[in-house]
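Trainee: Sequence:
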Amino acid sequence: MISIIVAIADNGVIGDKNSLPWYLPADLKRFAEITKPHTVIMGRKTYESIISRLGKPLPERTNIIITRQNDFKALGCNVVNSIEEALKQPGEEKFVIGGEEIFKICMPYTEKLFITEVHAPIAGDVKFPEFDKSEWEEISREDHDKDEKNQYNYSFVIYERKK
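Going by my numbering, the letters in the sequence shown line up with residues 1 to 163, in that order.
Derived from the structure by calculation, the hints contain no laboratory data. Some clues are possibly wrong.
Label pairs and their computed distance ranges (CB to CB) [stated by the list, open to error]: (1) 145 <-> 71: 45 to 55 Å; (2) 55 <-> 162: 32 to 42 Å; (3) 111 <-> 142: 30 to 40 Å; (4) 139 <-> 12: 28 to 38 Å; (5) 138 <-> 73: 17 to 27 Å; (6) 48 <-> 129: 16 to 26 Å; (7) 12 <-> 72: 22 to 32 Å; (8) 104 <-> 33: 20 to 30 Å; (9) 137 <-> 52: 32 to 42 Å; (10) 87 <-> 147: 17 to 27 Å.
Note that beta-carbon positions come from the ideal geometry of N, C-alpha and C, so glycine has one too.
Start from the sequences and build out the full structure, keeping to the hints where you can.
Mentor: This is the structure in structure tokens:
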């Protein structure tokens, strides 16, 4: 199964200058709980953003990087040149984690969306691609107020593609 997991601000922003433009520890915890020990699929820029923050690929997950660069190498990761190659990689459950271009090319293959709605308009240079919500059924929603650790109100929402 292919799923997308992403945090999206009210204005569609998902990133700024190759990083997250907010700090929501609850979202980071949920991301880890959902994606471990599965496969994560990302673009090269998302991989580089993770390396700049963590210094290594995401632990306890198979990391697949999609890039147009034929000579790109990433220690401890599987590097492929297309979504089709990524989908052939081992792993029953795969989570697409970004960025914008990878979300666009993976959307037709996606069966489930795990979205954290960040309830604020946030400045940023990367947006989640538009998608037709009529093709998706909301199956779960948890609303949360901001607190001393999480700087914005947010909701954890799960959508399944309608059959």
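Trainee: Does each hint hold? Answer for all of them.
Mentor: Okay, the hints, checked on the actual structure:
Between residue 145 and residue 71 the beta carbon distance is about 48 Å. The supplied range of 45 to 55 Å therefore holds. For the pair residue 55 and residue 162, the supplied restraint of 32 to 42 Å holds, since their beta-carbon distance comes to about 41 Å. Look at residue 111 against residue 142: about 21 Å separates their beta carbons, and that is not inside 30 to 40 Å. Residue 139 and residue 12 have their C-beta atoms about 22 Å apart, which leaves the hinted 28 to 38 Å range violated.
For residue 138 and residue 73, the hinted distance range of 17 to 27 Å is not satisfied, since their beta carbons lie about 40 Å from each other. Distance hint check: the CB atoms of residue 48 and residue 129 are about 20 Å apart, consistent with the given range 16 to 26 Å. Between residue 12 and residue 72 the C-beta distance comes to about 28 Å, which sits within the given range of 22 to 32 Å. Restraint check, residue 104 to residue 33: a C-beta distance of roughly 26 Å satisfies the suggested window 20 to 30 Å.
As the Cβ distance of residue 137 to residue 52 is approximately 37 Å, the hint placing it in 32 to 42 Å holds. Checked against the hint of 17 to 27 Å, the pair residue 87 and residue 147 fails, with Cβ atoms roughly 38 Å apart.
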